[in-house]
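Could you put the whole structure together from the sequences, leaning on the hints where they help?
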Amino acid sequence: MKEIKFILNGKEVSVEADPLKRLLDVLREDKKMTGVKEGCGEGECGACAVLKDGVLVNSCMIPLGATEGCEIITPEGIRETEKGKLIIDAFGDAGAVQCGFCTPGMMMATEALLTINNKPSEPEIREALSGNLCRCTGYDLIVKGVQIASERGKDLW
Amino acid sequence: MVDSYRPRDLKEALSIRAEHGSTPLAGGTDLMVRYQSWTGTLPLFTNSIMFVGHLKEMNFVKKEDDVLLIGGTATLTSVANHSDTPVVLKEAVLSIAAPALRNNATLTGNICNASPAGDSICALYALDAVIVIEKNGSSRELPITEFITGPGRTVLAADELVTAIKVPLKSSSVNDFTKVGTRRANALSKLSFTGVADYKNGRIDSIALTFGAVGPTVVRSVELEKKLKGLSGADIKSKISSILEDYSTVIVPIDDQRSSAEYRKKVALNLLEKYLKELSNHE
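So the protein lines, in turn, are chains V and H.
Heads up: the first sequence runs through residues 80 to 236, numbered per our numbering.
Heads up: the second sequence runs through residues 6 to 288, numbered per our numbering.
The hints are simulated quantities; they were obtained by calculation from the structure and are not laboratory data.
It cannot be assumed that every hint is accurate.
To be verified - Below, computed lysine-lysine pairings styled on DSSO-like, alpha-carbon distance capped at 30 Å: (1) V:K81 <-> H:K140; (2) V:K162 <-> V:K111; (3) H:K171 <-> H:K95; (4) H:K205 <-> H:K234; (5) V:K198 <-> V:K162; (6) H:K61 <-> H:K95; (7) H:K244 <-> H:K171; (8) H:K61 <-> V:K81; (9) V:K81 <-> H:K16; (10) H:K95 <-> H:K232; (11) H:K95 <-> V:K223; (12) H:K171 <-> H:K61; (13) V:K90 <-> H:K61; (14) V:K110 <-> H:K61; (15) H:K61 <-> V:K84; (16) H:K279 <-> V:K84; (17) H:K270 <-> H:K231; (18) H:K282 <-> H:K271; (19) H:K95 <-> H:K234; (20) H:K231 <-> H:K271; (21) H:K140 <-> H:K232; (22) H:K231 <-> H:K95; (23) V:K198 <-> H:K279; (24) H:K67 <-> H:K95; (25) H:K205 <-> H:K67; (26) H:K16 <-> H:K231; (27) H:K205 <-> H:K279.
Please read these numbers as outputs of a predicted model, since none were measured by experiment.
Structure below.
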């Protein structure tokens with residue numbers, strides 16, 4: 080056990096845990112951030128996606144010890160922001176959500192994409208979402224959701 | 006449960022390697038999956054772990070003279086984004102998994118994992134990459150072909166650390182990296198192919214052809230490449246079937262869960278044929 084400090088959704092937090100514990104488990108169990116989902120647990124589905132120092136990563140593959148001093152943002156950290164609300168509304172309007180399990184990860188991937196490219200083409204959107212699996216929608220409506228977010232969010236990103 | 010260490014700098018990391026032989030963990034994208042256990046429980050590592058991903062001294066991708074230097078903790082994303090990265094390496098790296106994984110995984114990790122299906126390795130064999138290895142008080146450099154000795158096996162000693170990869174930047178006019186997998190993202194290779202070649206005065210001046218996931222390590226035959234040097238495009242065109250015959254003797258894949266030996270061999274030779282046709286049109 081060790082005390083590890085990092086910044087979680089803008090606030091410095093301290094966690095007493097084994098440094099090899101998965102960030103995913105730390106977020107869900109220790110920090111009750113259940114917007115982060117576990118799908119496959121091996122980096123294939125993207126349901127556990129978070130931002131680490133501004134870039135999209137899979138929290139199931141990151142041990143806590145590798146996050147010391149890093150800035151971690153979970154779906155809880157973006158859903159109340161102007162950008163987060165815009166993505167949520169865009170996904171809703173597009174019908175991009177069915178069972179909803181992949182949605183937090185899809186939103187994180189969308190936030191990460193629009194941050195580096197606020198006018199993505201359709202192939203760029205599909206590439207950006209390529210690490211996120213959805214077993215309901217067939218993806219087209221999620222792509223549409225990202226397009227709506229990009230159009231409405233003109234100057235936000 | 007195993008111990009873990011978080012060195013302050015490279016020097017301390019080398020000391021930890023010397024004292025404990027801990028497994029270096031940079032991005033964790035291979036190790037965390039290989040040793041994963043049940044949800045909420047710790048990964049079942051069998052050796053102590055040393056975090057290295059945060060070490061800034063090894064986090065660089067830069068061009069120095071005619072060499073691209075890739076630091077031991079440089080991520081796949083940073084390799085793909087660098088303007089001097091050779092096109093086959095860029096394509097190989099972008100064929101790996103998906104953005105979230107590439108943001109975290111390192112090129113050095115892909116090499117040290119030494120999977121026969123490691124996509125970057127296929128390109129790095131063709132580019133004559135050199136592995137920079139350090140330990141307390143000394144360092145050595147090895148061609149990647151000597152660094153990897155078998156599936157999951159390298160010559161890295163318990164007290165050593167790979168601190169950088171050197172990729173010579175050579176002129177190359179006909180470049181191809183192709184990966185064959187079950188889907189475009191997040192699939193391990195059934196097989197992969199890399200071809201790089203350059204003409205001088207209408208004759209092939211340099212050429213490297215490598216095949217991934219069709220043997221215990223990436224397949225490259227310097228002897229067969231020698232036979233191609235000095236040929237013109239027209240020569241290549243007239244010799245395609247004999248070149249394919251030559252290569253069919255060195256491509257000896259196996260059946261496994263991802264593909265069959267027969268499929269791998271057929272497709273590897275098809276990719277070679279496609280490359281040779283392109284090469285013959287490019288003098």
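Hint check:
no.: 1; hint: V:K81 <-> H:K140; verdict: holds, 28 Å
no.: 2; hint: V:K162 <-> V:K111; verdict: holds, 23 Å
no.: 3; hint: H:K171 <-> H:K95; verdict: holds, 15 Å
no.: 4; hint: H:K205 <-> H:K234; verdict: holds, 10 Å
no.: 5; hint: V:K198 <-> V:K162; verdict: holds, 15 Å
no.: 6; hint: H:K61 <-> H:K95; verdict: holds, 23 Å
no.: 7; hint: H:K244 <-> H:K171; verdict: violated, 34 Å
no.: 8; hint: H:K61 <-> V:K81; verdict: holds, 23 Å
no.: 9; hint: V:K81 <-> H:K16; verdict: holds, 23 Å
no.: 10; hint: H:K95 <-> H:K232; verdict: holds, 28 Å
no.: 11; hint: H:K95 <-> V:K223; verdict: holds, 29 Å
no.: 12; hint: H:K171 <-> H:K61; verdict: holds, 18 Å
no.: 13; hint: V:K90 <-> H:K61; verdict: holds, 24 Å
no.: 14; hint: V:K110 <-> H:K61; verdict: holds, 29 Å
no.: 15; hint: H:K61 <-> V:K84; verdict: holds, 19 Å
no.: 16; hint: H:K279 <-> V:K84; verdict: violated, 53 Å
no.: 17; hint: H:K270 <-> H:K231; verdict: holds, 22 Å
no.: 18; hint: H:K282 <-> H:K271; verdict: holds, 17 Å
no.: 19; hint: H:K95 <-> H:K234; verdict: holds, 25 Å
no.: 20; hint: H:K231 <-> H:K271; verdict: holds, 23 Å
no.: 21; hint: H:K140 <-> H:K232; verdict: violated, 40 Å
no.: 22; hint: H:K231 <-> H:K95; verdict: holds, 26 Å
no.: 23; hint: V:K198 <-> H:K279; verdict: violated, 36 Å
no.: 24; hint: H:K67 <-> H:K95; verdict: holds, 14 Å
no.: 25; hint: H:K205 <-> H:K67; verdict: holds, 28 Å
no.: 26; hint: H:K16 <-> H:K231; verdict: violated, 42 Å
no.: 27; hint: H:K205 <-> H:K279; verdict: holds, 22 Å
The structure fails to meet hints 7, 16, 21, 23 and 26 from the earlier list, while all remaining hints are met.
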